[in-house]
Each structure stands twice: as structure tokens, then as C-alpha cells.
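Engineer: First to last, the protein sequences are chains A and B.
Under my numbering, the residue at position 245 of the first sequence is numbered 245, and the numbers go up by one with no gaps.
Under my numbering, the residue at position 119 of the second sequence is numbered 119, and the numbers go up by one with no gaps.
In short, the hints are calculated from the structure, not lab data.
Please read these numbers as outputs of a predicted model, since none were measured by experiment.
From the three backbone atoms N, C-alpha and C, an ideal C-beta is built for every residue, glycine too.
Hints should not be assumed to be uniformly reliable.
[Stated by the list, open to error] Sample of chain A residues facing chain B (criterion: CB under 8 Å; computed from the structure):
id	residue
1	Asp-64
2	Gln-73
3	Gly-79
4	Glu-96
5	Leu-100
6	Gly-228
7	Gly-237
8	Asp-241
9	Gly-344
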Amino acid sequence: MKADPKAVISGTYFMDGNHACCEGAIAAGCRFVAGYPITPSTEVVERFAERIPVAGGLFVQMEDELASSIMIQGAAWAGVKAMTVTSGPGFSLMQEHIGLAAMTETPCVFVDVQRAGPSTGLPTLPAQADMMQARWGSHGDYEIIAISPSSPQECFDMMITAFNLAEKYRVPVMFMMDELIGHMTEKVIIPDADEIELVQRRWTKKKPEEYLPYEPEPDGIPDMIKAGDGYYIHTTGLTHDERGYPVITPQMQEEQVGRIVRKIRDHSEDIYQYETEDIEDAEAVVISYGITSRVAREAVRLAREQGIKVGHIRLIVTWPFPEPLIRELSQRVRSFVVAEINYGQMVLEVERSACGKARVLFCGQGGGEVHAPEQILEKILELKR
Amino acid sequence: MTRKRKIASGQDHPLSYLLRMDRIPHIWCQGCGIGTSVNTLLRALDESDLDMKKTAVVSGIGCTGRAAGYIRLDSFHTTHGRAIPFAAGMKLANPDLDLIVFSGDGDLIAIGGNHLIHAARRNLDMLVVCVNNFNYGMTGGQLGPTTPLTAKLTTAPYGSWDEPFNLPHLLKSSGAVFVARWTPYHVRQLKKCFSTALKKKGFRFVEIVSICPVFYERRNRLGDALTRMRFFKEHCKINHNADTEKTGIKFQKNIVLGNFVDRERPTFLEAYDNQMRAALGDDYVPYQGKQWA
Chain A
1 MKADPKAVIS
11 GTYFMDGNHA
21 CCEGAIAAGC
31 RFVAGYPITP
41 STEVVERFAE
51 RIPVAGGLFV
61 QMEDELASSI
71 MIQGAAWAGV
81 KAMTVTSGPG
91 FSLMQEHIGL
101 AAMTETPCVF
111 VDVQRAGPST
121 GLPTLPAQAD
131 MMQARWGSHG
141 DYEIIAISPS
151 SPQECFDMMI
161 TAFNLAEKYR
171 VPVMFMMDEL
181 IGHMTEKVII
191 PDADEIELVQ
201 RRWTKKKPEE
211 YLPYEPEPDG
221 IPDMIKAGDG
231 YYIHTTGLTH
241 DERGYPVITP
251 QMQEEQVGRI
261 VRKIRDHSED
271 IYQYETEDIE
281 DAEAVVISYG
291 ITSRVAREAV
301 RLAREQGIKV
311 GHIRLIVTWP
321 FPEPLIRELS
331 QRVRSFVVAE
341 INYGQMVLEV
351 ERSACGKARV
361 LFCGQGGGEV
371 HAPEQILEKI
381 LELKR
Chain B
1 MTRKRKIASG
11 QDHPLSYLLR
21 MDRIPHIWCQ
31 GCGIGTSVNT
41 LLRALDESDL
51 DMKKTAVVSG
61 IGCTGRAAGY
71 IRLDSFHTTH
81 GRAIPFAAGM
91 KLANPDLDLI
101 VFSGDGDLIA
111 IGGNHLIHAA
121 RRNLDMLVVC
131 VNNFNYGMTG
141 GQLGPTTPLT
151 AKLTTAPYGS
161 WDEPFNLPHL
171 LKSSGAVFVA
181 RWTPYHVRQL
191 KKCFSTALKK
201 KGFRFVEIVS
211 ICPVFYERRN
221 RLGDALTRMR
231 FFKEHCKINH
241 NADTEKTGIK
251 FQKNIVLGNF
261 VDRERPTFLE
271 AYDNQMRAAL
281 GDDYVPYQGK
291 QWA
């Protein structure tokens with residue numbers, strides 16, 4: 001189905017990433033946002049507060065991030081597309097509810113405009129240090145999808161993807177922006193509504209007496225209902241059977257929690273999104289995502305000028321991590337350089353996927369600023385030594 | 001209003017259509033007050049004009065939090081303390097739904113206390129039923145924010161020194177439009193109270209001073225559930241006009257019961273609607289709670 005023409009503000013804008021993220025969500029069909037102000041994400045909810053009353057939606061500023069992150073799940077079960085927006089400290093508070101959304105298979109989107117931590121850290125400066133938290137932050141084992149936009153345009157475009165993936169796989173999607181992407185102003189083109197393809201929630205066609213809320217369809221994902229439809233469903237964060245009833249056994253854990261893990265792993269090829277540049281003849285490949293990829297691209301250009309055969313991979317979907325791509329490349333390239341604003345997070349995935357077949361160099365920093373292209377270039381040159 | 005009551009069969013309990021009979025027996029201990037509390041609520045629902053298809057129940061974590069798992073409505077067992085914001089999300093996303101939050105004192109008052117007072121302040125439209133058994137039953141009888149002074153529990157083995165909340169006063173001060181307190185002994189009054197509360201809009205709060213015979217009563221040597229019921233019979237004073245400053249519960253002293261607060265003010269959505277209409281005029285697109293997808 002297509003986006004709502006009354007809500008999409010088609011045109012060309014000079015807009016920052018936080019505002020573009022909000023417009024992307026509205027275009028994606030999100031009409032319910034709960035949030036709590038936190039730097040550097042606040043402009044997202046400010047724009048929602050202004051835009052949503054004229055777009056037929058609702059923004060609710062909650063008492064904290066715990067409330068925001070579970071309110072959107074109540075809203076999702078009542079039938080709407082919903083999301084919340086935060087930054088590091090709030091993202092930490094939301095972790096329990098990311099687990100609830102994974103366990104109850106509730107489609108929703110969490111936006112994290114990353115700042116440097118730990119704790120209060122550098123509230124007004126960028127980092128990419130919540131990447132592992134996005135993947136593993138809630139207790140127990142589960143899978144999520146994470147997206148790392150690298151421009152305001154991509155904040156708009158990928159929000160639509162985020163909602164589409166959340167609906168398609170009934171999974172919480174993490175939208176991993178950072179302070180610089182959030183506050184960077186660039187050209188953003190918002191297409192016509194009829195050019196925006198939306199994934200509709202998979203409403204069941206079964207009658208109430210036939211329907212089980214956690215009975216998977218052949219693709220491993222159960223169809224959904226909304227409260228008030230007369231299905232009298234039950235959901236719980238406890239390990240549950242196909243009826244949604246608690247069953248506290250290792251067998252049910254394997255059957256149902258195993259399924260919510262496999263439904264993402266089995267569809268990874270459908271979820272991966274990345275850009276490659278100059279990797280055909282590359283001896284070395286720089287891997288980056290988000291804001292850092294903009295610098296990495298320049299470093300690759302400088303290296304090419306020096307005659308070094310280096311390519312670039314920009315991860316757009318960061319979780320699930322494109323392990324097969326790195327594994328395949330590790331057979332033919334000598335080395336990888338992983339650039340990110342943290343002390344070593346996604347680099348661990350690259351090392352794991354490369355399986356020792358190619359050298360992996362880490363180009364990181366603690367946060368507060370982006371790399372200079374020369375920092376990444378230096379790592380590329382190190383590979384030649 | 002049509003109800004699928006199956007009394008004629010002679011087999012089913014008249015309320016079985018509101019229960020997930022395939023989940024019975026429940027986990028609650030013999031003599032526990034939660035069963036009576038659920039029973040009374042279901043009786044009030046049965047007699048109400050509410051559309052059961054559009055009525056949902058949300059619980060948090062704990063013994064009382066298991067109620068959602070037994071009630072055959074759309075029912076949601078959420079995280080510890082967060083039933084209220086989950087229910088609020090449902091209500092705001094689809095205003096046609098009627099929301100009941102059914103949970104315990106540890107869940108709603110301790111870990112969920114912040115959500116409780118803010119939901120009351122905003123007059124979010126839901127009925128909150130708090131079964132107050134003075135302790136954390138699911139984890140084996142620990143001190144809670146409602147434990148009366150000097151009562152003993154596993155984490156207060158020498159008696160509590162920790163001042164408890166006076167719930168009716170807390171909720172009245174926070175802005176709830178309906179505030180009541182009853183016990184599982186007072187089932188008729190409680191059912192009537194539920195019936196009144198179910199007809200109202202806005203944030204409604206019913207405290208049920210309950211019984212936890214295996215932890216609270218036993219550790220404090222207060223006798224079995226029947227003894228406790230007798231205590232409620234003899235030591236509860238009904239006073240609807242009580243000053244809520246004086247409704248705090250003291251260990252083994254008289255308990256004031258009643259429907260203390262019954263007032264009107266705009267709900268969160270009504271206030272939102274009024275403000276947006278005033279500010280935006282024709283540009284305002286009233287929230288329909290429908291997803292564009």
C-alpha cells in the first residue's frame with residue numbers, strides 16, 4: 001500500500017536528520033509517538049508535537065523512557081504504528097521493553113540518536129557506542145533489526161524501511177542515528193505519497209475460534225490481531241505457547257524463543273542492506289556506517305590517489321550483521337579497516353566473520369567528534385606495512 | 001447488550017465465559033484475596049453495559065499480575081510496574097477500548113509508582129484495581145511500600161520502620177476522579193463500587209485491602225484467611241466522606257473503607273481535543289486512533 005497523501009509533505013527541503021526522521025515516520029504511517037525529551041534527540045519529538053495534530057496522530061510526552069517504551073507497545077496492540085525516540089541514557093532505560101517487544105513480537109520502532117557515554121557522557125556530541133547495546137541490551141536472547149542512516153535523506157528514507165521491517169517481521173527495529181546525523185542539515189527530498197511503498201501489518205484472516213496468536217505462518221511469523229477485534233487474545237512476556245499462555249519449560253523456550261530468533265536469522269538475506277564501493281579489485285576494505293562512513297569514503301579516495309587498492313563497505317542495516325559478505329570478502333582481500341566512534345563494537349563482528357582469513361584493523365575513538373579522513377587513511381597505509 | 005451466559009447447562013460457572021477455563025486451576029494460594037477480587041470484578045463486568053470485545057485488561061508482574069492470564073478479555077501481561085503506560089497506549093491508540101489495569105501493590109505503587117501518579121494527574125481513562133496484600137507475595141513475602149509500620153516480612157525481619165503510602169490520599173492528591181477502598185470481605189460493596197467505577201470516565205482507582213495468608217498473615221501470626229476475614233468484618237469502618245489524610249493503614253488497627261472520591265474533570269484525550277481545536281481550528285485533524293497502513 002501507499003503512504004497517506006494528506007500527511008506526506010512532498011517536496012525538496014533543507015532539513016536536519018532529526019526532522020527528517022520525524023517526517024519519515026509520518027510517511028511510514030506512524031501516528032503514535034511516545035517520548036521523553038533528551039539531547040540530542042529532542043527535535044524529533046518537538047517536530048512530532050507540531051506536525052502530528054494536523055496529520056491525524058498523537059504525540060504523548062511521558063514521565064520517563066520506561067513509560068514511553070511500553071506505551072508504544074500498548075498502542076501497537078491496539079492497532080497503530082508506533083515509535084519512541086531517545087538517546088543513550090533513555091535507551092538504557094528502554095532495554096527491558098525492547099525485550100518485551102521481541103518476546104511478544106510487537107512491531108515498533110526505537111530511535112536512538114546516539115551521544116557519547118557511558119552515563120551522562122557527552123550529551124551534545126556524537127558517538128556510535130550503543131551498537132552492541134542495540135543488539136544485546138535487554139536480558140535473555142533475542143534478535144532485533146538495527147539501521148544506521150548516514151544522512152538526513154537517509155533518516156527519512158530508512159525510517160520507512162524501519163517501519164516496514166518492523167511490520168513484516170513483527171520485531172522491534174532500532175534506528176541508530178547519532179548527534180551529528182541528527183543535527184546535520186542537508187537537502188532532503190520527500191517523494192510523492194504514491195511513490196512510498198508501505199508494508200501493512202499482517203492481520204489474520206482466521207476467525208477467532210481458529211486463531212492462535214503465536215501460531216507461526218510458514219515463514220515463521222504469526223499473523224496479528226488488534227485488541228477490540230473480539231479474539232480475546234492473551235500475551236505475556238513469560239515464555240508462552242501458541243495460545244500465548246505461559247508454559248515454563250525448556251521445550252517451549254526452544255520452540256517459541258527459538259522461533260523468534262530464527263525468524264530474523266532465516267530472513268537475514270532479505271534484511272541486509274549495505275553499499276559497496278570499489279571492492280572488485282580491492283586488497284583492503286574499509287567498513288563503516290552512519291556518520292563515520294562519510295569520512296571513510298574520503299579516506300578511501302585519498303588512498304586510491306596514492307595507488308592503494310582499497311574499497312569501502314557502508315553498512316546501512318547494522319543488525320543482522322552481513323556475516324556472509326565479510327566471510328566471502330575475507331577469502332580474497334588481505335585486510336579490513338573498521339572505523340567507528342567507539343572503543344571497538346562492530347569490529348568484533350568483522351573479526352568474527354573474517355575468521356582469521358584477513359587482517360582486521362580497528363580505527364576507533366571514544367566519541368565527541370568524527371574521525372578525520374587522515375586517521376582512517378593512516379590505518380589503510382598501516383596495512384601496506 | 002447480549003451476553004453468552006451458559007447458566008442453563010448446569011455445568012459452567014456463570015462467569016466462565018469471562019475466564020480462560022483452559023488455564024484453571026490458577027496459581028493463587030488457598031485463602032488468597034486475589035481470586036475474590038477477580039470474581040467480584042467479573043461479576044461487575046457481567047452486569048455492566050460494556051462491550052466485552054472492546055474491554056481489555058492489563059497486568060504487571062506479581063501474584064495479582066497473573067490475573068490478566070485468567071480473564072478472557074483481550075489481556076496483556078506486561079513488565080513489572082508498567083501496566084498503566086501499556087494500558088494508556090492502548091486507550092489512546094484506540095479510544096473505543098475500555099481499559100482495566102489489575103495488579104498488585106508492589107507492582108503499581110513501588111516500581112510503577114511514577115506511572116500511577118502521572119496517569120492520575122493526566123486523568124488517563126482507565127480503571128486501576130490495586131490488590132494490596134501489604135507485601136511481595138510472588139517472591140516470598142518481602143516488605144513493600146504499603147507494609148504497615150512494625151509488620152514483619154522477610155526483608156524486615158525485625159519489623160518495618162518504613163512509612164507506607166496512604167493510597168486513597170495519594171490518588172486523591174494526584175487527581176484521580178474516583179478513589180475507593182474495600183476488602184475481599186466486602187464483596188457486595190466492592191461489586192457496587194466496580195459498577196460505579198466502570199460507568200465513569202477518567203482515572204479511577206480501587207484499592208482492595210487483601211489477604212496473603214502464606215506470607216503476610218503467617219509471618220505476623222495473624223491467623224488463617226478466615227481469621228483475617230473476621231478481622232475485616234470487625235475492624236473495617238465504612239465512611240465515604242472520610243478525610244483521606246486520615247485513611248492511612250496502621251498495623252492491626254481499624255481500616256477506613258468507602259468510595260472516597262467521585263468527581264469529574266476532562267480526560268487526557270478530551271483536554272487534548274479541546275486544546276487542539278482552540279489552537280488549530282480547521283487545520284486540526286482529530287485523532288482517530290487508526291493506522292495509516
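Engineer: If a hint holds in the structure, say so; if it doesn't, say that too.
Structural biologist: Cross-check of the supplied hints:
1. Taken as an interface hint, Asp-64 (chain A) checks out: its beta carbon lies about 6 Å from the nearest beta carbon of chain B, inside 8 Å.
2. Interface hint at Gln-73 (chain A): satisfied, since its Cβ lies 6 Å from the closest Cβ of chain B, which is below the 8 Å cut-off.
3. Interface restraint check: Gly-79 (chain A) against chain B, minimum CB-CB distance 6 Å, threshold 8 Å, status holds.
4. The beta carbon of Glu-96 (chain A) is positioned within 8 Å of a beta carbon in chain B (closest approach about 6 Å), and the interface hint is therefore held.
5. Given the 8 Å rule on beta carbons, the hint for Leu-100 (chain A) holds: about 5 Å separates it from the nearest Cβ of chain B.
6. Nearest Cβ of chain B to the Cβ of Gly-228 (chain A): about 5 Å, under the 8 Å cut. The hint holds.
7. With its C-beta approaching chain B no nearer than about 6 Å, Gly-237 (chain A) sits inside the 8 Å limit, and its interface hint holds.
8. Look at Asp-241 (chain A): its Cβ only gets to about 11 Å from chain B, farther than 8 Å, so that hint breaks.
9. Because the smallest distance between the Cβ of Gly-344 (chain A) and any Cβ of chain B comes to about 31 Å, over 8 Å, the interface hint for this residue is violated.
Comparing the model with each numbered hint stated earlier shows that hints 8, 9 do not hold.
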